[in-house]
Every structure is written in structure tokens, then in C-alpha cells.
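*Asks:* Generate the whole structure from the sequences, applying the supplied hints.
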Amino acid sequence: MAAKKTPDLIPLCHPILISSVSIEFTPDAASSTIGITATVESIGKTGVEMEALTAVAVTALTIYDMCKAIDRGMKIENIRLVKKSGGKSGTIELE
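Residue numbering for the sequence shown follows the working numbering, starting at -7 and increasing by one per position.
The set of hints was computed from the structure by calculation and includes no laboratory data.
Worth double-checking, as some hints may not be accurate.
[Stated by the list, open to error] Here are the computed lysine-lysine pairs in the BS3-like style, where the Cα-Cα straight-line distance is at most 25 angstroms:
no., residue 1, residue 2
1, Lys67, Lys37
2, Lys(-3), Lys75
3, Lys76, Lys(-3)
Since this is a predicted model, take the numbers as computed values, not measurements.
*Replies:* Okay, here's the thing in C-alpha cells:
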């Protein structure tokens, strides 16, 4: 839902036809962390990086909101693009 709301939240982002969005969680009990990965796909020519980043950010904020009564010291860190494929720039892997 957050990925589809990106144009409402971020100036100069225009609506994109999104064909799929998936969110994956990677909990790590030892470090008390949750990794969040968003995968967004579109058949359009425009990249969907902002939609993926928005999906991760809103997911992290939702987790924070649900857990704040237990731990107000939580941090949201390291939101970044890991991989982009297709479009004019081809495939970019940053991890």
C-alpha cells in the first residue's frame, strides 16, 4: 500500500503502474533486529526505486508504532537501494 502512495508522499514522484510488491522480513533474535526487504515490479519504463524505498520506510515505521510501548529506544537504520534492474541504466547491484 505504501509503494502505491509514493506520489502522494514524495514531491515530483508520479503515479506508476505497479504489477507487484512484496515485503520480506528477516528477524534476528540475537541482535534484536528485523531486516526489511521490498521488491517492487512494474512493466512500465520508469524505475520503481522510490516505491521500494517508501515501502521499506513505511513498513519500518509500522513496526516501530506497534512495538514502541515495549521499547522506545528502537532505531530505524540503513534504508537503501540494494538492486535495480531494467530501465535505461540496466542492472545496478549495490550490495
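*Asks:* Under the constraints set out in the numbered hints, which ones does this structure not fulfil?
*Replies:* Number 1 only.
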